[in-house]
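Construct the complete structure from the given sequences, taking the supplied hints into account.
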Amino acid sequence: MTEQLQLAVDADQAAILIERLVRFGMQRGMIDALDESYTRNALLELFQFTAPYEGELPDEALDSPVSILEPLIDYAVEAGLIPDNTLTQRDLLDARMMGMLMGRPSEVAASFRASAEREGIEAATNRFYQLNIDSNYIQMNRIRKNQYWRHETPFGSLEITINLSKPEKDPKEIALLKTLPPSRYPKCLLCETNVGYAGRADHPARQNLRVLPLELSGERWYFQYSPYVYYNEHSIVLKGEHSPMRISHETFGRLVDFIDAMPHYFIGSNADLPIVGGSILHHDHFQAGRHTFPMEEAPIEASFVDPSATGVRFGIVRWPMSVIRVNGSDRANVLAAANRILDAWREYSDAAADVLAYSAGEGGNRIPHNTITPIARLNNGEYELDLVLRNNRTSKEHPDGIFHPHRELHHVKKENIGLIEVMGLAVLPGRLKSELEAIGAYLTGEKAWSEEEAASESFALKPHAPWIRELIERHGSALSVDEAANVLQQETGGKFLAVLKDAGVYKATQEGREAFRRFMTSLSLVEQ
Numbered sequence: 001m002t003e004q005l006q007l008a009v010d011a012d013q014a015a016i017l018i019e020r021l022v023r024f025g026m027q028r029g030m031i032d033a034l035d036e037s038y039t040r041n042a043l044l045e046l047f048q049f050t051a052p053y054e055g056e057l058p059d060e061a062l063d064s065p066v067s068i069l070e071p072l073i074d075y076a077v078e079a080g081l082i083p084d085n086t087l088t089q090r091d092l093l094d095a096r097m098m099g100m101l102m103g104r105p106s107e108v109a110a111s112f113r114a115s116a117e118r119e120g121i122e123a124a125t126n127r128f129y130q131l132n133i134d135s136n137y138i139q140m141n142r143i144r145k146n147q148y149w150r151h152e153t154p155f156g157s158l159e160i161t162i163n164l165s166k167p168e169k170d171p172k173e174i175a176l177l178k179t180l181p182p183s184r185y186p187k188c189l190l191c192e193t194n195v196g197y198a199g200r201a202d203h204p205a206r207q208n209l210r211v212l213p214l215e216l217s218g219e220r221w222y223f224q225y226s227p228y229v230y231y232n233e234h235s236i237v238l239k240g241e242h243s244p245m246r247i248s249h250e251t252f253g254r255l256v257d258f259i260d261a262m263p264h265y266f267i268g269s270n271a272d273l274p275i276v277g278g279s280i281l282h283h284d285h286f287q288a289g290r291h292t293f294p295m296e297e298a299p300i301e302a303s304f305v306d307p308s309a310t311g312v313r314f315g316i317v318r319w320p321m322s323v324i325r326v327n328g329s330d331r332a333n334v335l336a337a338a339n340r341i342l343d344a345w346r347e348y349s350d351a352a353a354d355v356l357a358y359s360a361g362e363g364g365n366r367i368p369h370n371t372i373t374p375i376a377r378l379n380n381g382e383y384e385l386d387l388v389l390r391n392n393r394t395s396k397e398h399p400d401g402i403f404h405p406h407r408e409l410h411h412v413k414k415e416n417i418g419l420i421e422v423m424g425l426a427v428l429p430g431r432l433k434s435e436l437e438a439i440g441a442y443l444t445g446e447k448a449w450s451e452e453e454a455a456s457e458s459f460a461l462k463p464h465a466p467w468i469r470e471l472i473e474r475h476g477s478a479l480s481v482d483e484a485a486n487v488l489q490q491e492t493g494g495k496f497l498a499v500l501k502d503a504g505v506y507k508a509t510q511e512g513r514e515a516f517r518r519f520m521t522s523l524s525l526v527e528q
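Quick note: the sequence shown uses the working numbering, first residue 1, plus one each step.
Among the clues, some could well be false.
Cβ-Cβ distance ranges computed for the label pairs, FRET-style [what the hints assert, rightly or not]:
| no. | residue 1 | residue 2 | range |
| --- | --- | --- | --- |
| 1 | C188 | R407 | 28 to 38 Å |
| 2 | N126 | A61 | 18 to 28 Å |
| 3 | P186 | R518 | 41 to 51 Å |
| 4 | C188 | P71 | 28 to 38 Å |
| 5 | S248 | E382 | 19 to 29 Å |
| 6 | G29 | I121 | 17 to 27 Å |
| 7 | N380 | E54 | 54 to 64 Å |
| 8 | E347 | P186 | 35 to 45 Å |
| 9 | E219 | S67 | 34 to 44 Å |
| 10 | Q48 | E219 | 36 to 46 Å |
With a straight-line Cα cutoff of 30 Å, these simulated DSS-like cross-link-like pairs (lysine-lysine) come out [what the hints assert, rightly or not]:
| no. | residue 1 | residue 2 |
| --- | --- | --- |
| 11 | K447 | K462 |
| 12 | K178 | K166 |
| 13 | K495 | K166 |
| 14 | K447 | K145 |
| 15 | K507 | K414 |
| 16 | K414 | K501 |
| 17 | K145 | K462 |
| 18 | K396 | K507 |
| 19 | K495 | K447 |
| 20 | K178 | K414 |
| 21 | K396 | K495 |
| 22 | K414 | K166 |
| 23 | K145 | K501 |
| 24 | K501 | K396 |
| 25 | K447 | K433 |
| 26 | K166 | K433 |
| 27 | K166 | K501 |
| 28 | K414 | K447 |
| 29 | K166 | K462 |
| 30 | K501 | K433 |
| 31 | K187 | K414 |
In short, the hints are calculated from the structure, not lab data. Being a predicted model, the structure only gives us computed values, none of them experimental. Backbone N, C-alpha and C fix where the C-beta goes; we use that ideal spot for every residue, glycine too.
Here's what the structure looks like:
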């Protein structure tokens with residue numbers, strides 16, 4: 001007789017967990033009394049049970065479903081309900097379960113509208129954000145793993161994060177992905193067609209995703225929260241149509257439409273050109289949220305006016321990147337000013353400052369290089385637009401981009417400098433956590449520096465080797481563990497500041513300031 005496998009979580013315990021999950025949904029307002037049996041039965045079917053647990057439940061009021069979901073997924077693994085105990089497969093089941101506790105998209109949108117009418121838009125977004133946390137779409141247990149600190153600079157206090165909330169796939173999953181046929185549905189991670197999608201090994205499940213319809217400049221857009229929450233209430237505003245990123249006059253109108261509708265949020269767009277754009281250029285979208293970024297707090301270092309456009313103020317922001325701030329209470333005038341700056345910058349060249357609007361392409365085509373990263377917010381009742389000047393030219397010296405992190409910084413940050421980084425929040429790769437800890441061992445003397453080891457191709461910290469030498473020269477190798485950690489935080493913050501300086505078109509030098517003023521005066525602006 002074959003001995004029966006003893007499950008760590010048995011069927012009786014799983015049935016109790018299902019009841020606890022249903023009660024969690026009731027307590028958090030995700031489902032009401034009329035939905036209770038319906039939701040329970042859907043979960044019973046998923047776990048292949050024919051009847052529920054009917055005994056006593058623990059007295060609890062949880063603020064997260066994770067402590068219920070994890071053992072339920074363990075049961076599903078051991079009972080053979082999912083093919084592998086990988087993070088991907090666990091997340092697919094997690095989203096499927098939590099999707100059963102949520103209303104249909106139209107019901108969620110109707111609830112949001114009713115809340116906005118009854119309590120105001122801020123209360124409505126508070127409720128919708130909490131729903132995204134309760135549904136485990138935003139996995140706060142992972143978000144809390146991110147490392148965060150501030151770094152003081154002459155430009156203000158930068159924010160530094162090491163992103164540990166986006167788990168890396170294990171080798172088994174990576175090998176599987178290589179065998180999968182290409183898929184065309186959904187077209188990308190931002191498409192509205194992701195709502196309710198079951199997911200697969202190479203695409204996340206989205207049964208617990210809900211989006212809200214918006215009208216921006218007469219077009220259908222959608223509002224949702226980011227599952228990764230790089231800052232407070234990190235939101236994504238995505239175009240209904242799958243069309244490429246494009247910065248235009250319409251972009252500014254959409255941004256202002258959004259802050260008119262949600263005045264407690266900022267909104268911004270990545271640039272629309274490679275190198276200076278974000279990681280997704282094929283689907284037009286914005287990022288929004290309720291967070292004060294360092295750039296917003298940066299002061300104006302030079303003020304300008306346009307004699308022909310009263311009521312609009314222009315300023316060069318004291319920031320390592322090149323930012324024009326436009327303020328005014330009249331929407332039309334502010335938009336007209338932004339449009340004018342965009343049109344002028346698209347065509348502007350200043351060889352002395354390495355700014356060329358176009359280069360020659362194949363067949364006589366002109367390749368554009370100038371664009372803008374725009375941010376919009378309301379400030380004391382006024383419209384405020386920050387227009388960050390970008391240029392994506394490359395050169396022999398800087399093949400990755402003249403105004404892009406230069407190669408000596410790639411060991412810390414080599415990805416495109418997108419909207420979030422532009423505003424002063426570094427999102428650094430998770431690998432840096434263990435790498436900084438390993439570097440710290442050289443600063444404490446726990447590990448002795450060896451040039452022979454550093455020269456080896458197998459040296460795990462090889463990209464950091466020049467930096468480690470420099471750190472040892474400046475700080476020695478007898479620091480305490482806490483001192484080494486503090487030094488590395490400050491030095492990493494310094495690297496991010498250098499990244500922003502590299503990405504700035506006009507440098508914070510006398511020559512750079514003069515070149516910036518040349519562009520401002522080309523707009524017929526007068527310095528005050």
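Status of the hints after comparison with the structure:
1. C188 / R407: 28 to 38 Å: At roughly 30 Å between Cβ atoms, R407 and C188 fall inside 28 to 38 Å, so the hint holds.
2. N126 / A61: 18 to 28 Å: 19 Å, holds
3. P186 / R518: 41 to 51 Å: 46 Å, holds
4. C188 / P71: 28 to 38 Å: 34 Å, holds
5. S248 / E382: 19 to 29 Å: Distance hint for S248, E382 holds at roughly 23 Å.
6. G29 / I121: 17 to 27 Å: 19 Å, holds
7. N380 / E54: 54 to 64 Å: 59 Å, holds
8. E347 / P186: 35 to 45 Å: 37 Å, holds
9. E219 / S67: 34 to 44 Å: 42 Å, holds
10. Q48 / E219: 36 to 46 Å: The hint (36 to 46 Å, Cβ to Cβ) holds, given that Q48 and E219 are roughly 45 Å apart.
11. K447 / K462: 15 Å, holds
12. K178 / K166: 20 Å, holds
13. K495 / K166: With Cα atoms ~23 Å apart, K495 and K166 stay inside 30 Å; holds.
14. K447 / K145: 27 Å, holds
15. K507 / K414: Cα-Cα ~20 Å, so holds.
16. K414 / K501: 14 Å, holds
17. K145 / K462: Between K145 and K462 the Cα gap is close to 26 Å, so the pair holds against 30 Å.
18. K396 / K507: 20 Å, holds
19. K495 / K447: Given that 30 Å is the threshold and the Cα spacing comes to 24 Å, the pair holds.
20. K178 / K414: 25 Å, holds
21. K396 / K495: Given pair K396, K495 holds - Cα atoms ~23 Å apart, limit 30 Å.
22. K414 / K166: 18 Å, holds
23. K145 / K501: 29 Å, holds
24. K501 / K396: Roughly 19 Å separates the two Cα atoms, so the pair holds.
25. K447 / K433: It holds: about 18 Å lies between the C-alpha atoms, which stays within 30 Å.
26. K166 / K433: The hint holds at about 13 Å.
27. K166 / K501: 27 Å, holds
28. K414 / K447: Status holds; Cα separation ~28 Å.
29. K166 / K462: Holds: K166 and K462 sit about 25 Å apart, inside 30 Å.
30. K501 / K433: Satisfied, since the Cα-Cα distance of roughly 24 Å is no more than 30 Å.
31. K187 / K414: Holds - the C-alpha atoms of K414 and K187 are around 27 Å apart, at most 30 Å.
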